[in-house]
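Number of protein chains: 2
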Amino acid sequence: MSEHYQALLEKLKAITDVEKAVAVLDWDRETYMPEHGIAGRTRQISTLSEIAHRMFTSNELGDLLAAAENEQREAAYDSDEASMLRSVRREYDEQGLFTPEFVRRRSEVTGAAGAAWAACRKKNDFAGFRPHLEASVAIAQEAADIYGYDDEKYDALLDKYERGMKTAAVRRIFDEVKAQTVPLIQAINERKGAIDDRMLAQDFPVEAQRTMCRYAAESVGYDFSRGNLAEVHHPFSTSFGRNDVRITTRFAPEYAVSSLFATLHESGHAMYEQGIAEALDGTPIGKGTSSGIHESQSRLFENQVGRSLGYWQAHFEVLQRHFPEQLKGVSVEQFYRAINKVQPSLIRVEADELTYNMHIILRFELEQALINGDLKVADLPGAWREKMQTLLGVVPETDSKGVLQDIHWSMAAFGYFPTYTLGNLYSAQFMAAARQQDPRIDTELAQGKTTQLLAWLRENVHRHGSKYDAPELCRRATGQTLSAEPFVHYVREKFGALYAL
Amino acid sequence: MSEHYQALLEKLKAITDVEKAVAVLDWDRETYMPEHGIAGRTRQISTLSEIAHRMFTSNELGDLLAAAENEQREAAYDSDEASMLRSVRREYDEQGLFTPEFVRRRSEVTGAAGAAWAACRKKNDFAGFRPHLEASVAIAQEAADIYGYDDEKYDALLDKYERGMKTAAVRRIFDEVKAQTVPLIQAINERKGAIDDRMLAQDFPVEAQRTMCRYAAESVGYDFSRGNLAEVHHPFSTSFGRNDVRITTRFAPEYAVSSLFATLHESGHAMYEQGIAEALDGTPIGKGTSSGIHESQSRLFENQVGRSLGYWQAHFEVLQRHFPEQLKGVSVEQFYRAINKVQPSLIRVEADELTYNMHIILRFELEQALINGDLKVADLPGAWREKMQTLLGVVPETDSKGVLQDIHWSMAAFGYFPTYTLGNLYSAQFMAAARQQDPRIDTELAQGKTTQLLAWLRENVHRHGSKYDAPELCRRATGQTLSAEPFVHYVREKFGALYAL
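Taken in sequence, the protein lines are chains A and B.
Yeah, the first sequence ends on 501 if you go by our numbering, and it's all consecutive.
Yeah, the second sequence ends on 501 if you go by our numbering, and it's all consecutive.
Everything labelled a hint here was simulated from the structure, so no lab data went into it.
Using N, Cα and C, we set each Cβ at its ideal position, and we do this for glycine too.
Be aware that one or more of the hints could be misleading.
Claimed, not checked - Some chain B residues flagged as far from chain A (calculated, every beta-carbon gap over 10 Å):
id: 1; residue: V18
id: 2; residue: L25
id: 3; residue: E35
id: 4; residue: G37
id: 5; residue: A39
id: 6; residue: I51
id: 7; residue: E60
id: 8; residue: G111
id: 9; residue: Q202
id: 10; residue: G241
id: 11; residue: F251
id: 12; residue: K387
What the hints assert, rightly or not - Partial pick of chain B residues on the chain A-facing surface, computed with a CB cut under 10 Å:
id: 13; residue: I15
id: 14; residue: P34
id: 15; residue: G40
id: 16; residue: I45
id: 17; residue: L97
id: 18; residue: K123
id: 19; residue: N124
id: 20; residue: G128
id: 21; residue: D155
id: 22; residue: V232
id: 23; residue: R242
id: 24; residue: D244
id: 25; residue: V318
id: 26; residue: Q320
id: 27; residue: V332
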C-alpha cells in the first residue's frame, strides 16, 4: 500500500517542476536575457515562486503528508520513502514557522541591504552600509529565534545551510585547521620567491579558453549530453533535473587559469546533481544535501584533482597546444607550481587553496560575534583588520577590499560562510576514504583520469541526494565523523613538498 | 469604478507570467537544452501548462470575469477594457471545454511526437513517425469535436489560429491564388534560364552570416535591447513580453541567403510583438491577434521589403563587404534577380515567394483530408508525392524531403499551414494600403529604409495586439476584407518584370 505516498509524491514533483522552471528563468536571466527583459522576468519569477510556495504550504499537502506518514510508518529508515517523508515533514513544519509578514519584511530588509551594499562597496562607504547591516543582523537574529535552538543562536542559522551541524563542532574543527595552517602559511611566507607564476599573467585568447574549459569539464567526467557550458559574469551551476545540469564560466583574457578552475569547480557541483539516483529525480530529496557537501564536490575537482600534478602530467600538453605562445618553454612542473602558489591576499574569491580557509574562519568568527551580540556592527571594520593581521598578515587599506567585499551579509545569509571551508574538509576526507577503499583511484589520478573516483563518489555521495544530512552522509561514506585531519595531512604533504619545508 | 476589472487583470497577468515561463522553457529547449533534458522539460512544461489552465478555468476567475463584465458594461467597444473582456470571455468559455486531463494528454502526445519527428526525419523513417502522427491526428480530431463546428471539422482547428475565418472562405481565396499562380509559374518555367542564381550557391562563412543577420534585423527595425538572436534547427520567434521578444535563425555554410531571409522573417514576427501597446503587455490581448496576421508581418519584411530592389540598392554594399570573394563582380540587379528566382522545389522553407503558396495549398488540402478521415496517415507519403507532381511538377525521393520536412503536424498544429498563405495575402494588402496612405513610405523604401512603414504598422496593426480578430483588423487597417487581389497584382507586376512576361 503506497497510495497516499504516491499521491503526495505526484504533488511534490509538480512543485519541483515549478521550482525548476524558476531555475531555468534564473539561468536565462544570467546568460541570454536582453537588458530590458528584467522587469518582466522579475514578475515571472515572483509569480512562479509564489505558486510553488502556495502549493507546498497548502492544507491539502499537509493532510496528504500526514496520511502518507501513517501509511509508511513501517518503512525502513534508509528507504527512499522514509527519507523523503522525514525531509518533507521537516520542511513543511519549518515553512509554517515563518509568517508571510516576516518573510515579506526579511525580503524588504535584504532587498534594501543588497542595493546599499553594491553602492557602498563602490564608494568605500561602510558608514552608509552600517544601518542596513544592522537591520540584516537583526532580522537574522529574529529568524534564529523563530527557528529555535538548544545551545547557541548561530546554530539556528547554520542549520539552514548545513543541517545537523553544530556551531561548537565547527568551532572545534576550524580551530584545529587554524592551528595547523597559520604556521604553515608563515613558513611559506619566508620562502616567497620559491614559486614563479608570472606565466599565468598573460593574454590568453578567449576562444581557446572556451575550448579548453569544455575539454577540462569533460576530462573530469561532466556529461555534456546532460548539460552545457554558458558564459556569465558570476559563474554558477544549476540543475533542472539530473539530466539537465548546467555549468557557467567567465572568460577574462588576462587570466586563463581563472576560467579553467571556475569550470572545474562548477563541474564538481554539477556532477553531484548529475549523479543523483534516478528514483529521486524531481523529488524534494533529488538534490545535494547541504551547502558544505556541495562545496566538497566542487573543491574536490577544482583542487584535489584540478590542482594535482597527476592531472596536469596528463593534460598539460593539450593546454600548451591551445596556448602555444603563452606556455612556450613552460614545463608541467613549473605550471603545477604556479597554479599552487600560496600568497596571503585581501580578497577571498582570489585566494589560494591554503589561505582561503583563513578568509572563511575570519568571517565565521565575526558573524558568530555579530549574531551573539558580542560585536557591534560599528566595530566590525576594526575587528576585520585585526583578524586579517592575525590570520594572514595582511590588512586592507579600504573597507571595499575588506569588510565590504562579499554580498552574503547583505542577504542576511549568516551561517553560509563556514560551509566553504567545511567543503574543503569534506573533500579531503572523501578523497582519503576513496583512495583507501579503491587503489585504482590513485593509479588513475596519476594518469589524469577520474573514472573510478567518480564511480566512488556516485556510489557513496551523489546517488543519495538529500536522503541523509551531511554529518550522516560523511559517516556512511568515510566511516568517520568530519575531522580536520585529512585536510591538514593533505596540505602539509602538498605544500610541504612545493615549498620544501 | 474598476475594482473587479483590476482584480481580474491581476489574476490574468499572473496567468500570463506562467504562460511566458512556458515560452522560456520552450525557447531554451530549442536553443540550449542538452539532448537528455527532453523528458524533464516535457514534464515541466506540462505541469506549468496545467497550472495556467487551472488558474484560467477556475470558478473564482469565472466569477471575477462576470463581475468585471457587469462593472464595465458601458465601456466603449474598442476600449482596452471591453476588448479584453470580449477576448477573455471567449477564451474562458472555450477553455472550459478542455479538461486538465485532455490538456496534459495532448501535451504528452505532442511532446513525444516532436522528439520522434526530429529523430525520424534524420533517419528518413516515416514508419517510425507514423504512430506518433496518428496519435497527433487523433488528438486534433478530438480537440475539434470538443470545440465544435457548424460546417466542417477543419473549421474548428482553423479557428484556433485564424479566429473568425472559415474553411470555405479560405478555399475560395486559395482557389483564386491557385488559378492565377499556376499559369504564371508555367510561363516562368518556359523561361528557365532567365535568372542566374549560381552566385548564391557558394560557401558563405558562418561567422559573417551571423554578423550580417544581426545587421539585417537591425536595418528593418528589430530592437536588440529587447530581444536577441539565437541559433536553432527550425527558426522561430517567441515573446516573453514586449520587452523580451527573441528571434532565431539557422546557418548553412552553403546558402547564406537562407539565414538572412529567415532572420528578416522572424524580425517581422518579433517587431509585431515589440510594437504592442504597453498597456496591453502581460495581458491576454497583449499578443498578435492571429497566425495569419503574424505571418503577414514576417512576410512583409522578408519579401515585400527584403526581396525588393530598393532594399538591396541601399544594403548590397554591406553584404558585399561581408562576402567579398563570393559576391565579387556581382551587381545589385543580378543579386536582386537571383534572390527572386522562381523554381519549383521540394522544401517549403526554401521555396520562392511564388511557388511557396503551392506548398501551403498542398498541405491545406492534405490536412483537411486527414482530419475529415478521407486520408489515412499510412497513405500520406503517397498522397504527398501525387500532389507535389500536380502543383509543382516535382516529386521528393525521400520522406525526409517530403512529408517529414515540417514540424507542424507532430505538434498537432493542423489548421496552421493555411495561415502562411493568408499571411502573404494580408502582407500585400497591408503594404498596398500603407503606401497609398503615406507616400513617404515609397520614398523611404526606395532608399532601403522602413521607418515610416514600421510607424504605419505600429499604428494600424501592432499596437492593437489581439483587440480585434484578423478580419476586423484587416478592415480597420485597409478598409477592405481580405482578398487575393493585392497579392496577385503584386506578384504579376514583380515577376512579370523579372521574367519579361
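Check each numbered hint from earlier against the structure, then list the numbers of those it violates in ascending order. As far as the earlier hints go, 1, 2, 3, 4, 5, 6, 10, 17, 18, 19, 20, 21, 22, 25, 26, 27 are violated by this structure, in ascending order.
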